[in-house]
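In order, the protein sequences belong to chains A and B.
The first sequence begins at 1 in my numbering and counts up one residue at a time.
The second sequence begins at 1001 in my numbering and counts up one residue at a time.
One thing to keep in mind: the hints can contain errors.
Claimed, not checked - Computed footprint of chain B on chain A; a stretch qualifies when at least three of its residues, placed anywhere within it, have a C-beta under 8 Å from a C-beta of chain B:
hint	region
1	76 to 83
2	133 to 146
Unchecked claim - Cross-link-like lysine-lysine pairs, in silico, DSBU-like; alpha carbons within 30 Å at most:
hint	chain 1	residue 1	chain 2	residue 2
3	A	K13	A	K54
4	A	K100	B	K1002
5	A	K105	B	K1013
FYI, nobody ran anything at the bench for these hints, they're computed from the structure.
All C-beta atoms, glycine included, are put in the ideal place defined by N, C-alpha and C.
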Amino acid sequence: MLTVNNLSMSYGKNQIFSDLTFTIHSGEIVGLVGENGAGKSTLLRVLATLQKPKSGTVQLNNFTYLADKNKIRRLIGFVPQEIAIWDEFTVKENMLFFEKLSWKKRSESELRQFCLEMNLDQWNKPVKTLSGGMKRKLNMAISLIHDPYLILLDEPTVGIDLKSKKEIKNYLHDLANNKGKVIVYTSHDMDEINTLCSRVLCIGNDPFYKDILKKAGKNIHVF
Amino acid sequence: MKSILQTRIIFWKHQIFSLLFWLLLPIIAVISITLLSESIQEDSNIPVGLVIEEDTPMAENLKENINQAAMIHVDILDEDKALAQLEKHELDSVFIIRDGYQQQIKKGSRNQLITSYSSDLSFAYTPVSEMIASFVQEETGRSKAAYTVLNLAKTHYENHSWTWEEIVAKSKQIQMDQELLQTTFTYANSQSEETTNSILIWNTWGLWALFSILSTFFLFDWIIKEKRSSLRPRFAFIRYSFKTYCLQNLIIYTLLFLITDLIAILAFNIILGEGIHPTDVWNVFSFRLMMNSLVFLIAIRVTNLIFYYSLSFILTLIMTISSGVILPVERITNHFPLLEVIHPLQIFMDANVHHIWLYVTITLIVIWFLRKEKSNAYGK
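Pulled out of the complex, with its shape left as it was, chain B reads as follows (with noise of 0.2 Å):
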């Protein structure tokens, strides 16, 4: 293994920049795509002034709930400020939440609690009117129905110790445990469908994982290389057969490749906020080892480099399309389920550390290399 690993040096120091390139074209790509979407995002969010009057717990709920809306930027100023640049068309709207909003909310008054303005050019004021008329209806409806909990608590128990605000924060207590408002609702006897976040921890390794697929077919090209009927006849003369060779060269690319998924893994932690779970790093181990064997597999069989180049792009167009990564496909994989089974991306974002593809290759690479030994003992 030593000496393969000097000769394979000697290929790397001539191939240093297009190595490095492909090695780390995954982490930069995945972090570049994902900083610069989040940029994009955030400077087409629509931008809302937001005034509080009052420091009270309802309007500082209010001003979370407006904060945490997707597509919405929230400037908290007073409202001389606020409504300057709503003139200047800085921003979209203003919201005032009044002094006496949480008062007027405890005494069921549901008019009159928050003050907007707009201009004429605020194409973004009616729907985000509407969701922040929606929150504090949300605070009106769950007063409305303390006092009314309150109401029967007196007529028919005496002894009862609940106040107002208790009965507010059961409530709210309740809505987050139950996910109130973020229940999916299925057919009976048909499967559930998986939560959005799920799939939103997984698409930065779905990205990972395409990029990942063309940078192992671009690197995995030193097979076609090596294997140039020209020098074929002097592994005949040297310790190695050219299958010892190139087995040898996939465990040493193998290894280099896991250092690098421990770096994108590192990378991805620091930079993106993923999380790391001895589970998640073998689901990447295993997703490596089975594209790396599969590559390689092809690699082998392909004499034209050109047309494995080719390939390798077609290939991952097809996993692109395929795998719901980067489009989703829900429409496909309910007319053929079994695609979610045997899809070797799905089962990876799935986070199936029994990936059934990495067993199928390597059983494959035995039997090309056991293949091997029998028709050398021919001569051949």
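Chain A with its partners taken away, still in its complex shape (with noise of 0.2 Å):
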């Protein structure tokens, strides 16, 4: 369970948001939506402990943010808005050298049978020839390696083809309903919000993405 208490961020007197306060159960799949600037990026740059808040607390399960830094990331599976990958290397070299580098040991046949879950079946593929759906499978895969309990996903699906979006959610609803993730996900798409999430967080006063998320009979908390 992640719970996120008072919690503001600013830069200098610019504030980006100020205390909020949610809960998030395991196996659930919360959306992040507010117009460009709103600070979704931060916010999630927050929970995976990249940026330290003004104020406020965070916690995972029974792991608070300051003191148990090192272990709540041992946690966390962060996928990057930019992809993060090494262009130069094959799907295989880029699952084994992050696996290498990872706080969970997997067999090469793990990390394959991992990336055919996602549809991801060009193993021996350089990365550099992958269509930019793949490359995205590529890059949420690396950060599942370890099997983190908590997964924030910044926009991941940005300029992918329809099949390689529904491939993803797939993949996620069955992250959350069967392994009991917690899932945060921020996207601008808001039928991709409506369809996966079963609740969104909506930061800011751009009554936009509320009017949508309403029609949509969708659980909104909005900041």
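Dock chain to chain to rebuild the complex, using the hints, since each chain is given by itself in its own frame.
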């Protein structure tokens, strides 16, 4: 369970968000929406321990972020918006590279099976020859090698085809429903948010997102 | 360390040719340049014919002296062949040590000892003949001195048992022991200069050091490539921090370089005849550790790859010019003696195992590493 209490963040005098309080339970996929610059990516980075908040507390199960940062990081899978993979390597080499550095040891066959579950079947192909969708899947697969409990995805489906989007969504549903993962997902694609997420956190005062989500009958929290 | 090595091997599989090229560049370049310059020097030597009509120690000694002269290639021939080759301009000049050469010198004769021939195209005849004349004069002078000593001994010591041969041998021994003809003169209270021998010994290593600086820079470009911002966030969620990852890779690269340096030491010994002494090996290793640490520190500060490559060429050029490996820098070092003390290449070429920059760079790496541990505690 991820528990956030009175979380505030600012850059100098510029307040990004303030007093965020919410809880996400195991097996939940929560969407994070808001206009550009509302602070979605910043919140995700704070939840990923990559940025320190101005005030407030974050807790993952029994671990608090400031006190148990290193233990918490082992439980986090962060999928950055920018594709962070080695272009000159093959899919296999990318997976092996990050497995060697990972907290969790996995065999090559396990890694391959893991990719196949995401319909990433071009094991020996150089990454530079892959489609955008395949690269996105690999970007996500690398972040999940150590089997994290909290999965934070920063617009993971930007610029990819519908088929790949659907495959990623199916995979995330499986992780949440069958493996009890906590998933926080940011996107500008409201259809995607509507179909994937059980709950939505809306950051900022823009009524655009609220209206769409209300029409879709979503359970939304506005901050 | 094993995991980091395994990840590095994945990189090396993709960069095998460039890795081998930069690793072996210093060895191949030094051997090629040295052999090429030797070959050019050999080809540009002046061909001189030498005819020896008598088999005496003095004739042999003269032959050896001419053989050892720089820029001259001596062919030992008979007179007919030598003159035929001179006519065809295959030889620049011909010198004949006539029968009775030793006897004439012993008699004290100084004239008509060597017969020489030149052609209308003999451009080096004058300096070569003067050089040979100086060798002959050395012998005649020594012989005359021996007779003078014998006459003095006859006058003052009735029971002396010295012979002419013994005096001449002793004279040669003294000349060799005291390097009478190679003594360098210095002003009183000024520092004596190094003998030229040591400079020649380290020229191979000087060249090697210059190429090594360049190759180290190019092999350390992984630091800049791998600290790309898009990949950096991943290091928060793996077993190693980015700095630990870099440091362990530095150790792996240093081990790889040390193995290559050992190959260089062996190759230079086998091919170029360079000596292998434990202090020289340690000197090479300490230079390698210093160079790797220095380049590592530069690479972690630089973010732009083009700037980094440009900087590597500029720094190598500055090192080349200021080190004295290629161009003489006595004028600069006379004005700035501190340069000899702080210049990394000068310290290396002086075979100083206590490389000051090694201690400085290692200290800086430790500071860099510890600073990281502090900043990480706040989740940056």
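Results for each hint:
1. 76 to 83: It holds: at least three residues are needed, and the region 76 to 83 of chain A offers 6 whose Cβ sits within less than 8 Å of chain B.
2. 133 to 146: Holds, because 3 residues of the region 133 to 146 of chain A bring their Cβ atoms closer than 8 Å to Cβ atoms of chain B.
3. A:K13 <-> A:K54: holds (11 Å)
4. A:K100 <-> B:K1002: Within the cut-off at roughly 9 Å; holds.
5. A:K105 <-> B:K1013: holds (22 Å)
When the structure is compared with the earlier hints, no violation turns up for any of them.
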